[in-house]
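Visitor: As a plain string of letters, each chain reads:
Number of protein chains: 2
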Amino acid sequence: MNMEFQLKAELKCSGSLSETVSSSEIADFVKLCNTEVLKKGAPPGCGAEIERWNVAGEKIGLKIVSDRFVRAHDALLRVKNEFGKFLGKHSIGIRGMEIEDYAIAMEWEEGLRLKKLPFVKEIKQEEGWLKLSLDVDEFSLEKRIPDRIIRLLEDKREAEKWKGKKEHWELLFESNKKPFYFDKDPTEEMIKRGWIRHAAGRGQWIHGPQSTRIFRTLERILLDNLLEPFGYEEMIFPKFVPWSVWKKSGHAKGIYPEAYYVCTPKTRDPEYWEEVVDYYKVTNEVPLDMIMGRIENVGGMCYAQCPPFWIFMQGKTIPDEILPIKVFDRSGTSYRYESGGLHGIERLDEFHRVEIVWIGNKEQVIEHAKQLQAKYRRVFDEFLDIEWREAWVTPWFMVQEGKAGLAELKEVGTIDYEAVLPYSGKWLEFQNVSVNGDKYPKEFSVKLQSGEELWSGCSGVGLERWATVLLAQKGLDPDKWNAKFRSVVGELPEVFRFL
Amino acid sequence: MNMEFQLKAELKCSGSLSETVSSSEIADFVKLCNTEVLKKGAPPGCGAEIERWNVAGEKIGLKIVSDRFVRAHDALLRVKNEFGKFLGKHSIGIRGMEIEDYAIAMEWEEGLRLKKLPFVKEIKQEEGWLKLSLDVDEFSLEKRIPDRIIRLLEDKREAEKWKGKKEHWELLFESNKKPFYFDKDPTEEMIKRGWIRHAAGRGQWIHGPQSTRIFRTLERILLDNLLEPFGYEEMIFPKFVPWSVWKKSGHAKGIYPEAYYVCTPKTRDPEYWEEVVDYYKVTNEVPLDMIMGRIENVGGMCYAQCPPFWIFMQGKTIPDEILPIKVFDRSGTSYRYESGGLHGIERLDEFHRVEIVWIGNKEQVIEHAKQLQAKYRRVFDEFLDIEWREAWVTPWFMVQEGKAGLAELKEVGTIDYEAVLPYSGKWLEFQNVSVNGDKYPKEFSVKLQSGEELWSGCSGVGLERWATVLLAQKGLDPDKWNAKFRSVVGELPEVFRFL
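Taken in order, these protein sequences are the chains called A and B.
My numbering puts the last residue of the first sequence at 507; the count rises by one with no breaks.
My numbering puts the last residue of the second sequence at 507; the count rises by one with no breaks.
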């Protein structure tokens, strides 16, 4: 990809250059930069160049042009460094610098129009080129903002390529056909029977005793047939997730439109809140605007379930012999601000999931993913008696970072489990098994004593989804459920009756 | 309490009064108001009075003064109504009204200074009187804003009375003395052993396998010895709580300084969020200000656990024969933005609780509260083997609405269970049993077929608190735990080891 950089900057020195340093000395310095310093690391004929310079009192003005090999802002930092050494001989220091103008041009697809970019004051698109005028200072250069703008543009280009195309989906397995005993929407039927009722929040349900019994039965089956035989131990993962975790897990790159944000009071001082309380008491209305000014966003509620677990191991080195580690969590709710497609307990904002995490060396993690797959198949076949299929898809952590395609390593990825809902004919993803490679140990700095790469995998069991698939295919009458399931669920409790 | 009201208002009519209605007719009308309409319902010699009036074209100006019996704003609404009837005879209607000035004066404690009140433009405090100048319109009068301001003032006066005084606390019971085997802070010791680690959020912990096993054991003991024998059935209560629920439960009156607020995106449109994503990708910093402008507050996370359950029964009538109803929930986390006193798993922001709710007629609810108390005592004595005491305190729902004192009915209230922590000598509240009277059925409009009053009770079992008390008194070595507890807990799992 062709790129051109043009940077105008001014270095401010601690003393007058015109009085201390001769023009020819500076000319020699610039020559040295243009032949050596600004070419280092670039292919022959490439790199950056000081195209113009001028000295006025304590200031030296520079115009640097470059290709993509030594980008002009890198070149400027190199020049600043070298110039500092050079001036040192004359007992002059560099006090700072000002970026007057930074123009970047790159080849660009006509169709992909851009309106706004951070740290960019002007965007022009013409004849296959994108021209940016940046609004940056020395601090921004040190933070490598221009490089990150370019990476962002590459991301946007990548996203555009995938736009409209389907997500990766590759059939791996299809179960046997099974009889369906029901052709209605299970949520509707559960409501009718008083098993569930819509809660006061968006996409949120209250489960009565029957529905809860079904959820706990699914959990029991998972525990008895999969987690206990495999030696899993239960943990309690946090459910509020601060940004520091989402920065590491990558969710900070893309979670925004779907997050349930959590804000905490700026202070707990009752006086600070008195006006809000008074307003509520006088109007019976919660003053949302007043509240928004008194709280600050600190993160969000559990979205993917495993990221906050990793703080437990953060920064630690573990002995190889304790591998593989197998833990699970079922201690709370997960949230997604779902799109227009909210639908019963099938697609909702607040849901309940058992999260399974295993950690080991590469072989252990891949091997255990296969063991899990085999066990899941037995559970779906023998206990739920459902019809389903399995597909190799874009890894969940890439999807949640807003990326498409597949992981670089072919062993890293996600298997989605999907089942058809007879009432709608649609396939519902109800389960996944993922090998996440070394992503999490790396991001959270967990190391293995032997120095070998540490890998991990995870699998989320959404109770709402399992229940939906079971009830959609078999209906709500226990006598249509598999005998093995019935023996665990027992008799459904009857507690409420309404007139 | 002495109060004086002075209201100046102007009624606007659909036609000119000066041309249509004679002054003497209006004078007669005003006389009628002053002798009858504005005295109705007040003790003899009390009530409101139109002190001055004047007509100018289509407008009639009124000055109404009153005591607290027919408050001037009520008087104005009465006058408007009567005047409408009177003008109707002349084929003139009332188009609206303007409040020019509304002054309220009331006897007031010198010491209780007020700075700001909603709908009040000026506050003066002198010689034992509080003088308010209100900023209200017709709509505010119809919404009874002035009455609510007065109620708010009464609340403030009540709160002042309790300030500095201790909360109500009356010892009901003390357990036998028990041996203590530990004198350290259990959280510190759990950290040392790697059982728990502080999570990334404020007052939030990750529980490893050992700690989780202890929590699940406590839950098991509760289930086997209390919930199952009493015929409780499990439900799943919502964990996000919208304001509509907290308005009914009363939490909207006082929860603000302690809430974990939940905000949702104003839209899920990815374009709306692109700037945020771009900013993050370019700076690696989450742009909290940009986010705050794109989200809206919709409620908060679970604080008290039972309020959102009541939506399940809202607006329903239930047959008497299904009583008592006994349900519990353990489906997620609760949150409190704790004050400076954050301390380990003892006092924290994110915690885990089993919430127990029973519903019946008054006798059933009171009777079952006693049964629960008896069973809890057995559990604490036989399984946890701890030393504790029980006290009659201000009902939890009053505390959470910012009220002090006791409920009006003596059967309604909360018993707190407290245990001493040997390492600090402090008493920790670790449990409560509450009879909530008819509060919840009333607020959520749940009725009994017989018409009898429906009551409810609740009891929260905080797993962190139970564990803290057990470990603080007995220590972390299983051989110091009671045999009954040990037989349920089994061997503590060892999964992690760090170098």
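Hints listed in this document are in silico derivations from the structure and should not be mistaken for laboratory results.
Quantities reported herein were computed from a predicted structural model and do not represent experimental measurements.
Backbone N, C-alpha and C fix where the C-beta goes; we use that ideal spot for every residue, glycine too.
Hints may be right or wrong, so weigh each one.
[Unchecked claim] Each pair of labels, with its calculated beta carbon distance range:
| id | chain 1 | residue 1 | chain 2 | residue 2 | range |
| --- | --- | --- | --- | --- | --- |
| 1 | A | E375 | B | V503 | 44 to 54 Å |
| 2 | B | T275 | A | L507 | 53 to 63 Å |
| 3 | A | K383 | B | L350 | 36 to 46 Å |
| 4 | A | G119 | B | T275 | 54 to 64 Å |
| 5 | A | K488 | B | P486 | 39 to 49 Å |
| 6 | A | L507 | B | T28 | 56 to 66 Å |
| 7 | B | I199 | A | K418 | 39 to 49 Å |
| 8 | B | V503 | A | R494 | 50 to 60 Å |
| 9 | A | L507 | B | E371 | 17 to 27 Å |
| 10 | B | P486 | A | E162 | 34 to 44 Å |
| 11 | A | E162 | B | K192 | 16 to 26 Å |
[Unchecked claim] Cut-off 25 Å, straight-line C-alpha distance, at most; resulting in silico cross-link-like pairs (DSS-like, lysine-lysine):
| id | chain 1 | residue 1 | chain 2 | residue 2 |
| --- | --- | --- | --- | --- |
| 12 | A | K164 | B | K289 |
| 13 | A | K139 | B | K289 |
| 14 | B | K171 | A | K274 |
| 15 | A | K124 | B | K274 |
| 16 | B | K334 | A | K200 |
Visitor: Now tell me if each hint is right for this structure.
Guide: Checked hints:
1. A:E375 x B:V503: 44 to 54 Å: Once the Cβ atoms are compared, 19 Å apart, the range 44 to 54 Å for V503 of chain B and E375 of chain A is violated.
2. B:T275 x A:L507: 53 to 63 Å: Because 41 Å falls outside the window, the suggested range is violated.
3. A:K383 x B:L350: 36 to 46 Å: holds (42 Å)
4. A:G119 x B:T275: 54 to 64 Å: The hinted range 54 to 64 Å is violated for G119 of chain A and T275 of chain B, with Cβ atoms some 25 Å apart.
5. A:K488 x B:P486: 39 to 49 Å: Given range 39 to 49 Å: holds, Cβ gap about 46 Å.
6. A:L507 x B:T28: 56 to 66 Å: The hinted range 56 to 66 Å holds for L507 of chain A and T28 of chain B, with Cβ atoms some 57 Å apart.
7. B:I199 x A:K418: 39 to 49 Å: holds (41 Å)
8. B:V503 x A:R494: 50 to 60 Å: violated (34 Å)
9. A:L507 x B:E371: 17 to 27 Å: This hint holds: roughly 22 Å between Cβ atoms.
10. B:P486 x A:E162: 34 to 44 Å: violated (56 Å)
11. A:E162 x B:K192: 16 to 26 Å: About 55 Å separates the Cβ atoms of E162 of chain A and K192 of chain B, which means 16 to 26 Å is violated.
12. A:K164 x B:K289: Holds - the C-alpha atoms of K289 of chain B and K164 of chain A are around 11 Å apart, at most 25 Å.
13. A:K139 x B:K289: Holds. K139 of chain A to K289 of chain B sits at ~20 Å (cutoff 25 Å).
14. B:K171 x A:K274: Holds: K171 of chain B and K274 of chain A sit about 24 Å apart, inside 25 Å.
15. A:K124 x B:K274: holds (20 Å)
16. B:K334 x A:K200: holds (22 Å)
Consistency with the previously given hints fails for numbers 1, 2, 4, 8, 10 and 11, ordered from lowest to highest.
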